[in-house]
Amino acid sequence: MILEVKNLNVEFTTDDGIVHAVNNVSYKVERGKTLAIVGESGSGKSVSSLAVMGLVTGSNSKITGEVFFNGRELVGADPEEVRKLRGDEMAMIFQDPLSALHPYYTIGDQLAEAVQVHHNVKEAEARSRAAEMLTKVGIPSVEQRMDEYPHQLSGGMRQRVMIAMALINGPELLIADEPTTALDVTVQAQILDLLRELQKEFGTAIVLITHDLGVVADLADEVLVMYGGSAVEHAPVREIFYEPQMPYTWGLLASIPQISAKKAQLDPIPGSPPSLLNMPKGCVFAPRCTFKDQVPGDACANEFPDLLAVSKDHEARCHLTESQRTAIRTERKIGRV
Amino acid sequence: MFPYIVRRVFVMAFMLTILSIITFLLFNAVPTDPAMLTCGKTCTPDIVAANRIRLGLDQPLYVQYAEWIKGIFVGRTYGSGSATFECSTPCLGYSFRNGEEVTTMIVDALPVTLYLALGAFILWMLIGISAGIVAAKNHGKWQDRTIMGVSLIGYSLPVFFVGLLLLVFVVVRWNLLPYPDYESPFDDPVAFFQTMLLPWITLAILYAAYYARLTRSQMLETMGEDYIRTARAKGLSERVVFRKHAFRAGLTPIVTSAGLDLAGLLGGAVITEYIFSLPGLGRLAIGAVTEYDLPTITATVLVAAVFVIVSNLVVDILYAAIDPRVRLT
Ligand SMILES: Nc1ncnc2c1ncn2[C@@H]1O[C@H](COP(=O)(O)OP(=O)(O)OP(=O)(O)O)[C@@H](O)[C@H]1O
Ligand code: SF4
Ligand SMILES: [Mg+2]
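Chains as they are written, first to last, in numbering that gives the first Met the number 0: chain V, 0 to 336; chain E, 0 to 328.
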């Protein structure tokens, strides 16, 4: 097991109160596998991953829980130890490669720097590794590109550079935070293909953050659905598409164009995500859930459902009974029924 | 980079031309007869008329402008016949009030202002930028709050107040320094430093306060940029992240400000020069204004403006050296 996250909580103290950005999130990622974290904007996807990388450091933040990287506990570990892992054994790429690359340094300098932080090698050696890696991610005329600045490259090329920089030291874990969101549709597919190939070649475990279930279907082995800072469903990718168990996941599935065109039975989720400042005491999704009336008593409004096993490897958080879920899914043609 | 500089130099030349025209028109917009100002108490209409011709003031404006510009580049001869006199290159005019060539007056005053501005500049950049960095690194902690508090006070104190305060206490009350009496650093370095110390501090207090705040806000802003997060994700230490990735990016607006502030001071730090009796450009300009010495006023305005334009060019070049996005577009 490369990464094991257990009951991760991240809080931020702000002027308005405490923001509960991540609540009790747990997941595991194995070597060479991909876990997709999906959810709307503000559901805590980025913060939970940054916390894993040790990049949530503000004095207003508080992290509790456990993060095991190769069996090593990172929460509460010496920051210097975690720093040495970053960029070497675990790496991260971000949504907008233009702002994520330094505008004042050349591509070659930025990649060589990534090598030299972790390896005691000469500049020339670092640069030749950089060139090699850039070739591998499909950058044409590498020698020339090395001396160019990020603003001289196209969006897709920049993201390739980011990927090269992240993978240059052969990390075991890559966290990709919406790596294709800022790119054109055709370029998106190329970047995803590239990630898949490189994963195969290096056996990298990937945590892929996205709000696009199309990307999930493409790349993921396992899916963690997050809502309002909590994990609301966690299952192998097939099950998420074929046997989704949680009304929020149903809503997400409905928002994929191809699927909703065929069976337009469920509207994309109306309403907006919850404020992480004052969490409702019931189900986080209750204010937007159209099925809460089917749960007896006011359970949805009063009690946050546990993340319970639906089947082996599949957990969901919802008060609806299994037969109710099956009935709803049959009626609305959600998943494979 | 080279085409960029060439372009900037052309822009600068253009601006200088426009500027010289404006300054010249300013000279002529004053609602007095310049010729009237050229003679003292024993003035007769004949002398005024003679002087008008001698100075070329009877010519149309564009001829006068051409003469003036010509004077700057190749010198100029006033009058004709036996009553001529030479004004050597660069001729900025002749001050009848002082019976001196304006250029001589400027050349005497310029070094004083130069030393004043440069000394203060070095002092405030060192203090301001370091304080700003310390504050940013300790954002929200006591160091930050102290520096911000002190700089707020420094920033809100007027220059004349700080200057007078220093003069009254350090010189008059405590006798720590002699009365300011400007000497060239080449003639008497000790006297020079004794005179310049307080003016430097006076100016530096105001500007250091401003630069501390500017540096702090710049650093805090850049530390929040995505590429800083990337730098950390690469495993770089906080020190490298700060020095190599954040500082350079935060530097650009500081360079801009610094160039313009320095240029502003080079045109004459009037109040400071007055308080500490420094015979610099600022005092020359104010003296010229009170005495209605038009050629001198025009020249000081021109010199100050040239400083601003040239420093703009320097800033543009530095900008391009720091930020490749500027030089490569
Ligand atoms: N430093 C911080 N201080 C206070 N609140 C924060 C901080 N960082 C993140 N948050 C809050 O935590 C919540 C989760 O943010 P996060 O960036 O993880 O969302 P996300 O799921 O990645 O969304 P997106 O799809 O928009 O990237 C947001 O409400 C955000 O405002
Ligand atoms: S627990 Fe209730 S509110 Fe929450 S998703 Fe299930 S039905 Fe909806
Ligand atoms: Mg995010």
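None of these hints come from the bench; they were simulated from the model. These numbers were taken from a predicted model, which means no experiment stands behind them. It is possible that some hints are incorrect.
Below 20 angstroms or equal to it, Euclidean Cα-Cα: the simulated SDA-like pairs (lysine to any residue) are [as the list claims (entries may be wrong)]:
| # | chain 1 | residue 1 | chain 2 | residue 2 |
| --- | --- | --- | --- | --- |
| 1 | V | 121 | V | 67 |
| 2 | E | 243 | V | 82 |
| 3 | E | 243 | V | 119 |
| 4 | V | 61 | V | 119 |
| 5 | E | 140 | V | 119 |
| 6 | E | 140 | V | 60 |
| 7 | E | 136 | V | 87 |
| 8 | V | 280 | V | 254 |
| 9 | V | 291 | V | 235 |
| 10 | E | 140 | V | 12 |
| 11 | E | 136 | V | 210 |
| 12 | E | 243 | V | 54 |
| 13 | E | 140 | V | 55 |
| 14 | V | 61 | E | 243 |
| 15 | V | 61 | V | 14 |
| 16 | E | 69 | E | 136 |
| 17 | V | 32 | V | 314 |
| 18 | V | 83 | E | 69 |
| 19 | E | 243 | V | 314 |
| 20 | E | 136 | V | 117 |
| 21 | E | 243 | E | 317 |
| 22 | V | 291 | V | 329 |
| 23 | E | 243 | V | 146 |
| 24 | E | 140 | V | 56 |
Do the hints match the structure? See the list:
1. V:121 - V:67: The hint is violated at about 33 angstroms.
2. E:243 - V:82: Holds, at roughly 17 angstroms.
3. E:243 - V:119: holds, 19 angstroms
4. V:61 - V:119: Cα-Cα ~34 angstroms, so violated.
5. E:140 - V:119: Given that 20 angstroms is the threshold and the Cα spacing comes to 36 angstroms, the pair is violated.
6. E:140 - V:60: holds, 15 angstroms
7. E:136 - V:87: Between residue 136 (chain E) and residue 87 (chain V) the Cα gap is close to 26 angstroms, so the pair fails against 20 angstroms, i.e. violated.
8. V:280 - V:254: Since the Cα atoms of residue 280 (chain V) and residue 254 (chain V) sit roughly 27 angstroms apart, the hinted pair is violated (cutoff 20 angstroms).
9. V:291 - V:235: Given that 20 angstroms is the threshold and the Cα spacing comes to 26 angstroms, the pair is violated.
10. E:140 - V:12: Holds, at about 16 angstroms.
11. E:136 - V:210: violated, 35 angstroms
12. E:243 - V:54: Holds, at about 19 angstroms.
13. E:140 - V:55: Between residue 140 (chain E) and residue 55 (chain V) the Cα gap is close to 18 angstroms, so the pair holds against 20 angstroms.
14. V:61 - E:243: violated, 28 angstroms
15. V:61 - V:14: Holds, at roughly 15 angstroms.
16. E:69 - E:136: violated, 55 angstroms
17. V:32 - V:314: holds, 19 angstroms
18. V:83 - E:69: With a Cα-Cα distance of about 68 angstroms, the restraint between residue 83 (chain V) and residue 69 (chain E) is violated, given a limit of 20 angstroms.
19. E:243 - V:314: violated, 46 angstroms
20. E:136 - V:117: This hinted pair is violated, its Cα atoms lying about 25 angstroms apart.
21. E:243 - E:317: Holds, at about 17 angstroms.
22. V:291 - V:329: Within the cut-off at roughly 18 angstroms; holds.
23. E:243 - V:146: holds, 18 angstroms
24. E:140 - V:56: holds, 15 angstroms
Checked against the numbered hints listed earlier, the structure breaks hints 1, 4, 5, 7, 8, 9, 11, 14, 16, 18, 19 and 20; every other hint is satisfied.
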